[in-house]
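K.L.:
Single-letter residue listing:
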Amino acid sequence: RKEVEQDPGPFNVPEGATVAFNCTYSNSASQSFFWYRQDCRKEPKLLMSVYSSGNEDGRFTAQLNRASQYISLLIRDSKLSDSATYLCVVMNTGFQKLVFGTGTRLLVSP
Amino acid sequence: EAGVAQSPRYKIIEKRQSVAFWCNPISGHATLYWYQQILGQGPKLLIQFQNNGVVDDSQLPKDRFSAERLKGVDSTLKIQPAKLEDSAVYLCASRNTGTDTYEQYFGPGTRLTVT
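Line order of the protein sequences matches chains C and H. Everything in the first sequence is counted per the numbering used here, starting at 1 for the first residue and increasing by one. Everything in the second sequence is counted per the numbering used here, starting at 1001 for the first residue and increasing by one.
A hint or two may mislead.
[As the list claims (entries may be wrong)] Keeping only pairs whose Cα atoms sit at most 30 Å apart, straight-line, the calculated DSBU-like set for lysine-lysine is:
1. C:97 x C:45
2. C:97 x H:1044
3. H:1071 x H:1011
4. H:1071 x C:2
5. H:1011 x C:97
6. H:1071 x C:97
Please keep in mind that the hints were generated in silico from the structure rather than gathered at the bench.
The whole structure should be built from the sequences, with the hints applied where relevant.
P.N.:
And the structure:
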């Protein structure tokens, strides 16, 4: 079983739609959680950290459920510029090592 | 502030040849990482340095891969000899361990094709 699992997609949505991505992780000792965004043929960039209480940044909302070992990302009012791959990332204890999921690809169309 | 620099951006070699990649992290970032990203997958950590010391190299194929960060600044990752399955993007990232954030900043990567 992979340490971080995501639905690879692609998710094809029209502009203005709301889309949600889910991610599960297997290591219950994981301490921090993130969503990174990766545009085609570019490097990953931090989108947002994920906190137990849930957090929001504009159109983006991230949630963490430690009991179920489940992380989600909600994008409201999708824009064409949101088209990218969204990587679910878990940080484990010890060396603060990041473990990346395979990513979920989002395509927003006009 | 300048970002993470990597070179070359692209490299094509034949199997069994050697190749080296260079990374210069953001100034002042003590932690440096090398990742391998195979097409369709997320980045996989190969090695992590803290200054000039190796913190984690558990996923580095040490029979063919080596890395160094001799002066605690820039770093080199080498593959010798390369195999077809080494075709991937090699990403370097750095982090400022003096802050509370765990954000890693990635360079543009080196796209390696082994034929």
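K.L.:
Next, verify each hint and record whether it holds.
P.N.:
Here is how each hint holds up against the structure:
no., hint, result
1, C:97 x C:45, "holds (16 Å)"
2, C:97 x H:1044, "holds (10 Å)"
3, H:1071 x H:1011, "holds (26 Å)"
4, H:1071 x C:2, "violated (36 Å)"
5, H:1011 x C:97, "holds (28 Å)"
6, H:1071 x C:97, "holds (22 Å)"
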